[in-house]
Amino acid sequence: MAAFTQQNRTLISSATLSRPRAKFVYWTVLTLVVAVFTLVFLGPLYWMVTGGFKSAQEVLANPPTLFPKHPKASNYSDAWSELKIARLLFNTFYYAFGALLFQLVFDVAAAYAISKLRPVLGNLILGMMLATLMIPAAVLIVPQYMTVLDIPLLHVNLIGTPWAIWLPTVANGFNIFLLKRFFDSIPEDLMAAAKIDGAGPLRTLWSIVLPMSRPILGVVSIFAVVNVWKDFLWPMLVEPDPKNQPINIGINSLSQGVPQNVLIAALAISAVPTLLIFLLFQRNIMSGLTAGSLKG
Amino acid sequence: MAATTVPEKSSRRHAGRPVGQPDGTQHRSGLSRKVRSNIQAYGFLIGAIVCFGFFSWYPMVREFIMSFQRTKRGVTTWVGFDNLKQVYHDPYFWTAWRNTLQFTVYALIIGFIVPFFVAILLNELRHAQAYLRILVYLPVMLPPVAGVLLFKYFYNPEYGLFNHILKTLHLPTSQWLDSSHTAMISVVIAATWMSMGSATLIYLAALQNIPGELYEAADLDGAGLFSKIWHVTIPQTRMVLSLMLLLQIVATMQEFTNVYLLTGGNGPENSTTTVVYMVYQYAFRYNNFGSAAALGLFLLLVLAGFSGLYSRLSRNSD
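As you go down the protein sequences, you meet chains A and B in turn.
For the first sequence, position 226 matches number 226 in full-length UniProt numbering, and the numbering has no gaps at all.
For the second sequence, position 92 matches number 92 in full-length UniProt numbering, and the numbering has no gaps at all.
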């Protein structure tokens, strides 16, 4: 029972579990949990993928069929061309990675300046940035929209441009908080040593601070991409043109005009990129999101 | 700095002053160095300051100003508390609050308690851990539109999967999203399915930090399973639990996306109109930005207490 002893001590001890009756209960519970979880979390995805292969009548049939009777892949190609999914996916990637880039450059630079360069009024600025965490995002949607419509002083309208999605993501107090706290933990001696060697602040950031900050940069990056991927109301407001919309808004606004089986095929396609990324990097994503999500 | 050393000053070295730096120049260059390093630091800060300024600080101020203004035919005037009054007397004001509160309470009953017990269960299992964790987290990674519209398909009273399952089990079927009684709970079920993965993993991480000796001691005292959960597990994860509780209250009170996608916003007999959906309607259906801002102000006041408590707790927990 090596598997029973390896683990940390939890509610039920390994000694208890190695008794024959407990063993029987344990395996029953395990089988049940695996079965129920597979059904609850994988079942809907199975239904989505197979639904995409069903004919227009079959997808609305009562009772529903477990396997498509005459699987037809044409729904997927119809969805791909009718809903212009390639375009929507490209837009989503474009917004997500642009937002990531801006957040990494501006927020890392700002947190580094506050933590290590310590300018006059640095703490005031930090306080004002963290204060934004207290304001619920939904409350700011309307004044933010008015601002993007006509940026004060510059009088430009960002509606319909990617800037309307990229730039507001930089104003993220949570990023500043995470990064600043991490930079604070980098010893001053290292900074002093870099200075003696003649490195300026930019060089120190690039060659000393950033290589040490990989874990926190990973967390910030995952959040940046996932947040854009999951956002709905803001992109719906600032990207009214269907050819600029990200996947969430694009599919929803076209969902009324297509047959149910084509729509389900479109949903299945839209889920592929993030699920692939997740399965590839699941360890990093799960540990990063849990590490970062509670500290606000 | 050594380059500025002037020969005749070298005799003063023994006095303990920095090499070749008479008081005056040292002071001035120290000051200019300070100015220069500040300019440099602000060079690093400027991008974030501009973004925070335009997209966070200015909108915060504007939210307050807009609540007391009205724009008609391009002319903006101060109207005092008129917007707040109008919103307050909107026949759906209390409906929206009741629905929002209903969403929050359901989401807490389902979305707060279920992940905690799922985490306890997963923590006890010695096998298939990675598989189960990935399963729970899988829906979190779906684009909301995929998860939500899929549930909309399942909820269909005529050909939906859920009614078919209920029928096969000889249970009464439901109108799900089409009835004002069950619309909100249906939204909550879909929302929980999609988001419970992150809460579960956070609780799992907290459970793994509980020292095993505590359970051993409880065993020696003859504690049963539930008394161990009550006296060891819950007190030991109290901080994470209360942080997640506040976080979920603040998040669920701002519900918009699930409701909008599943019922179009209002739902049958306005049974799913949430406060944020009402803000959206004021602003983007009726073009009444002043009243939208005023309703936002109500929401801000209600949520300020929760988010204040949250940031207080999370600072203490560090």
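Everything labelled a hint here was simulated from the structure, so no lab data went into it.
Please note that the accuracy of each hint is not assured.
[Unchecked claim] 35 Å max Cα-Cα, derived DSBU-like pairs, lysine-lysine:
#, chain 1, residue 1, chain 2, residue 2
1, A, K72, B, K167
2, A, K230, A, K243
3, B, K167, A, K195
4, A, K84, B, K72
5, A, K243, B, K152
6, A, K116, B, K34
7, A, K72, A, K243
8, A, K243, B, K72
As the structure is a prediction and not an experimental result, all values here were calculated from the model.
Restraint status (C-alpha distance of K116 of chain A to K34 of chain B at most 35 Å): Distance ~14 Å between K116 of chain A and K34 of chain B Cα, so the pair holds.
Restraint check for K72 of chain A with K167 of chain B, where alpha carbons must lie at most 35 Å apart: With Cα atoms ~28 Å apart, K72 of chain A and K167 of chain B stay inside 35 Å; holds.
Hint consistency between K84 of chain A and K72 of chain B [alpha-carbon to alpha-carbon, up to 35 Å]: The given pair, whose Cα atoms are some 39 Å apart, is violated under the 35 Å limit.
Pair hint K230 of chain A and K243 of chain A, alpha-carbon separation not exceeding 35 Å: holds, 19 Å
35 Å limit on alpha-carbon distance, applied to hinted pair K243 of chain A and K152 of chain B: Roughly 25 Å separates the two Cα atoms, so the pair holds.
Pairwise hint evaluation, K195 of chain A against K167 of chain B, where the allowed Cα distance is 35 Å at most: violated, 74 Å
Satisfaction of hint between K243 of chain A and K72 of chain A, Cα-Cα up to 35 Å: holds, 28 Å
Straight-line alpha-carbon gap K243 of chain A to K72 of chain B, limit 35 Å: holds, 32 Å
In summary, the structure is inconsistent with hints 3, 4 from the numbered list given earlier, while agreeing with the others.
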